[in-house]
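Could you put the whole structure together from the sequences, leaning on the hints where they help?
In the order they appear, the protein sequences are chains A and B. This note's numbering applies: residue 1 is where the first sequence begins, and numbers increase by one. This note's numbering applies: residue 1001 is where the second sequence begins, and numbers increase by one.
Don't read these hints as lab results, they were simulated from the structure. Glycine is no exception: its CB is placed at the ideal position from the N, C-alpha and C atoms. Take the hints with a grain of salt, since some may be wrong.
Unchecked claim - Sample of chain A residues facing chain B (criterion: CB under 8 angstroms; computed from the structure): (1) Gln97; (2) Gly98; (3) Asp102.
What the hints assert, rightly or not - Chain A side only, calculated, beta carbon under 10 angstroms to chain B, not exhaustive: (4) Ser87; (5) Val104; (6) Ala105; (7) Ser139.
Below are the chains, spelled out letter by letter.
2 protein chains.
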Amino acid sequence: MSPAPHPFDEAIRLEPLADGEFAGRSSPAYWNMVGPYGGITAAQLLQALMSRPERLGDPVSLTVNFAGPVAEGPFRIRTELMRSNRSTQHWSATLLQGDGDDSVAAIAMAVFGTRRPVWSHTEARPPAIAPYEALPRLSRPEAPAFTRRYDLRFERSPFESISTDSRSACWIADHPPRPLDFPALASACDVFFPRIFLRRGRLVPVGTVSLNIYFHADAAALAEQGSAPMLGAALCHVYQSGYFDQHGELWGRGERLLATTHQIVWYRE
Amino acid sequence: MSPAPHPFDEAIRLEPLADGEFAGRSSPAYWNMVGPYGGITAAQLLQALMSRPERLGDPVSLTVNFAGPVAEGPFRIRTELMRSNRSTQHWSATLLQGDGDDSVAAIAMAVFGTRRPVWSHTEARPPAIAPYEALPRLSRPEAPAFTRRYDLRFERSPFESISTDSRSACWIADHPPRPLDFPALASACDVFFPRIFLRRGRLVPVGTVSLNIYFHADAAALAEQGSAPMLGAALCHVYQSGYFDQHGELWGRGERLLATTHQIVWYRE
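The following block contains the structure:
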């Protein structure tokens, strides 16, 4: 008897159809308040692109615009190679559900590329935080399902009190542990709690409008990371008239910056 | 006799064709080393979307992936409304030049939305720099044409010496002055010199692969800014195996954060 698949592998499982289309299902295991967790949608879109046999190299950037709600049940992902160059490829992907004018639930663009052993340097510094082993795993039974798919560890609960700024650091790992790959890294880029929750000291209605990810690691660096927890840092620059931005960093073993990520989030007060 | 149009208006002038397509020309006035300045391409794509009569509200985010070189001469921009919601719209745009498999030069996604007078707060702080009037305009006759379309003022020339970090601040204005609008703001988001030039103290081959812009101001805020110079700040997190990231902020009058921007840039060493 083979062991049950990891919930993440279950969530990103896609069936190839004709003409670069894939069939999948929205994931109850990664459910957020009113639809799937945005990170899992990003992972599904990336997984579709990674599954195309023409794919060249590793992901360099991924942008996902969340156009409308994703409902429970089946969806299709349409992928298109927009242009192939010598060392980079430009892809687009569209997540469709149902028929009609509002069938587009998410649109994405990605760049794939080959990396080269040239002069490299990390200028940013990882945040200071107590060791993973010294901190308790965040436990909020009332939180949406997707939070239970992660092992998140903070020095102080991000919901404890109103923060004077939105900076926070935490440990991030899949739960149960799972060796890191690009879809999992993409998903983890959306795991930072909306900065406005920290600033207002309460939950307010929010929705990510656009999620942007830059990958700074190749497949070999992700293999080296394995299932070790990553260190995350996040902050906000501005909350303005119904939209705020959020910037995140995901650090791996050996102070290696694996990804930087940005999102713009709709909010209501 | 009417005065000559501003070079920026000349550059973003588009002729509407059928079915959401527009005809334009690459701009010699905004030429970079081997093709048009990326900011002007972003502005042209945004201008096409702004010209669609169905457009709702103001731009919230714009992502442009630079798929291939743009040559001198005519191009077409194909725009598509992917989904329209109550207060947001999701658009895509493709810049095409010539025929055949390599006709896609750039692809873009944008979110437009209406803003609401809700709780707002700017958490980031503008960089410290001497007043605009106290600094000389950067003058480098050997630099590409697009640099002469801007009035850029630094406390110390970014090319003077090798920096120990990539942070820099500068004043940014269109030259000659021009009242700020969304295409001009998008264009200015690409004006920060590639951080690797600062770190290496010399020019190295680079090319922006993906440019991401979050707009934090509505049309009224841009009108208030008028043609006053903006204050810019930029930094890099990591240079890794042929790609580095770059983060920028554009500040307006009264410490108003007008836009934040990110890009991932290919480099060779």
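Of the numbered hints stated previously, which ones are contradicted by the structure, given in increasing order? 1, 2, 7
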